[in-house]
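If you read the sequences in order, they're chains A and B. According to our numbering, the first sequence is numbered sequentially starting from 1. According to our numbering, the second sequence is numbered sequentially starting from 1.
Any given hint could be a false lead.
As the list claims (entries may be wrong) - Derived DSS-like pairs: lysine-lysine, alpha-carbon spacing no greater than 27 Å straight-line:
1. A:LYS33 / B:LYS13
2. A:LYS76 / B:LYS3
3. A:LYS399 / A:LYS414
Because the hints were derived from the structure by calculation, they are not lab data.
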Amino acid sequence: MDDPMKSQEVCAIIGASHAGVNCAFALRKEGWKGKIIMYDGDPELPYHRPPLSKAYLSAGDIMGLTPLKSEAAYLKEDIVLRLGTRINAIHPKRKEIILENGDSQAYHKLVIATGARPIIPRIPGIETATHLYPLRTAAHVNCIQEAIKSGAGKEVVIIGGGYIGLETAASLKKLGANVKVLEREERILARVTAPVMSDFFHQLHTENDVEVLTGKNVVSIESNGNQNTVTCEDGSHYIADLIIVGVGIKVNVEMAEKAGIKIKNGILVDNSARTNDKDIYAIGDCTYHFNTYYDRFVRLESVQNAVDQAKIAAAAICGKEAGYNAIPWFWSDQFDVKLQMVGLSEGYDEVIIRKENTDNCFSLWYFIGDDLLSVDAVNNAKAYVWGTKFLKSRVPIDKEKLKDSTVDLKAIPKV
Amino acid sequence: MAKITFITNDGEKTTLEGTSGSVMSLAVENGISGIDGDCGGVCSCATCHVHVAEEDMERVGEASEIEAVMLELADDVTEFSRLSCQIEISEGIDGIVLTVAE
Ligand SMILES: Cc1cc2nc3c(=O)[nH]c(=O)nc-3n(C[C@H](O)[C@H](O)[C@H](O)COP(=O)(O)OP(=O)(O)OC[C@H]3O[C@@H](n4cnc5c(N)ncnc54)[C@H](O)[C@@H]3O)c2cc1C
Ligand code: FES
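Chain A on its own, in the form it takes in the complex (with noise of 0.2 Å):
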């Protein structure tokens, strides 16, 4: 048996962000001894995604990205960070990984932390159109900086309006560009959200000055090398000197597939993060993992998952066996608005609407039955807390008084 503690083994990361960096410092905490050498293809110092489109593209030049860890912790932890090396190849039989230089690394124990990429739809036209970028990278935001720089970004085109598209509409807006909206379906977030929240933020880009058009499935784009026009099915057109994409994500996970690991709408994993290979981990977006709480099988794109799979991986290659069962969490900042949401609404049946006092203050209360699935809060940090608390304790909630925002959150528990 292998002794994870052995200062000689090593632990191979592939992909240093939210999940793997997290991974590797998580590993010196339990006490991995031994070498841990993380890959990633990204040359930046691994940095924060959810700043990307949100404070950092709406900062122009000023602001640099937010590192997730510095320079010096990585030396201190004695981590080895090989950045702008992608890995090519896993063979789990022979224990090592193979660099895209054709070098390659043995490992004892290996984590996939490869995450996702955004997905470039098939529309005709997309390849030769002008400044078109999605938003995942910093390259991909340096990208618009550079062409608005370049004197485009005075009209600009977001095809999809889900939480990244809208986030940077808001942060185009700031920026001072006539921002449009495409969404294919009848409403923004229809994917994550309740239709009340979508006629909120809708309302909240309409007052803000950008236009969303719902019902909009682009189905060309022509470029005359400066403007493109975007065409959607309805035979509407719009001009744009800037194209964001923002229609979601692809995990990746090829690699893993190619080496025989099972792969169910990301990378199957148990609840130690662990892959049908007993020496091989995968962790954050690329995972299909069980969820205790939801008692089911979920993928998701968070912050709070990569970090929380990270600890649990961490814990199970230095032998202590850790049961993955948070509750997710998430945040989106859209002008002075801030989302928090707690748990996972899918499959609910009943949302209750909470409103406070104050202006823009409020929560979406969403339930199967009797049993609270999640709350969506805007600007109302303390639905989100006490959302937690509920969830966490699984008190059961009485409806009614959750509905009268004069009876305090704290007491809305059934007696």
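Mind docking chain B with the ligands on chain A? Use the hints.
Frame of chain A, contents of chain B with the ligands only:
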């Protein structure tokens, strides 16, 4: 410029100098253990919880309303608790001592 001292869980004392930005960023940049800053400093995760030394509390100031609510998700909260991403570095807090919560 402000000197800020962090006391981590293992009792280690580290004094850092900062000029701007948040105390959380300064701590993360310098690898102060126990300050994770998972949300990047937007008061959403409560993983940057510190206890301010009693005598420094007045200079650092109290938690804002949102911050105070978010602190309810942290463990070991006292009247000296703050989320360090919400403390801006300025000369006014030169010399403060913060104990990293766990
Ligand atoms: C603009 C934006 C805003 C967001 N906002 C929020 C938010 O507000 N709240 C929230 O909770 N989440 C947010 N997210 C989601 C969050 O950033 C992700 O859930 C998180 O980054 C997942 O971390 P990860 O490490 O699993 O994957 P990723 O961050 O995708 O990282 C995977 C890494 O693996 C590397 N990689 C992949 N394949 C290879 C290979 N073969 N060899 C070497 N390296 C490889 C990639 O270069 C990448 O750096 C946002 C994401 C984006 C893009
Ligand atoms: S860094 Fe997340 S609350 Fe301070």
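*For which of the previously enumerated hints does the structure constitute a violation, in increasing order of number?*
Violated hints: none; all satisfied.
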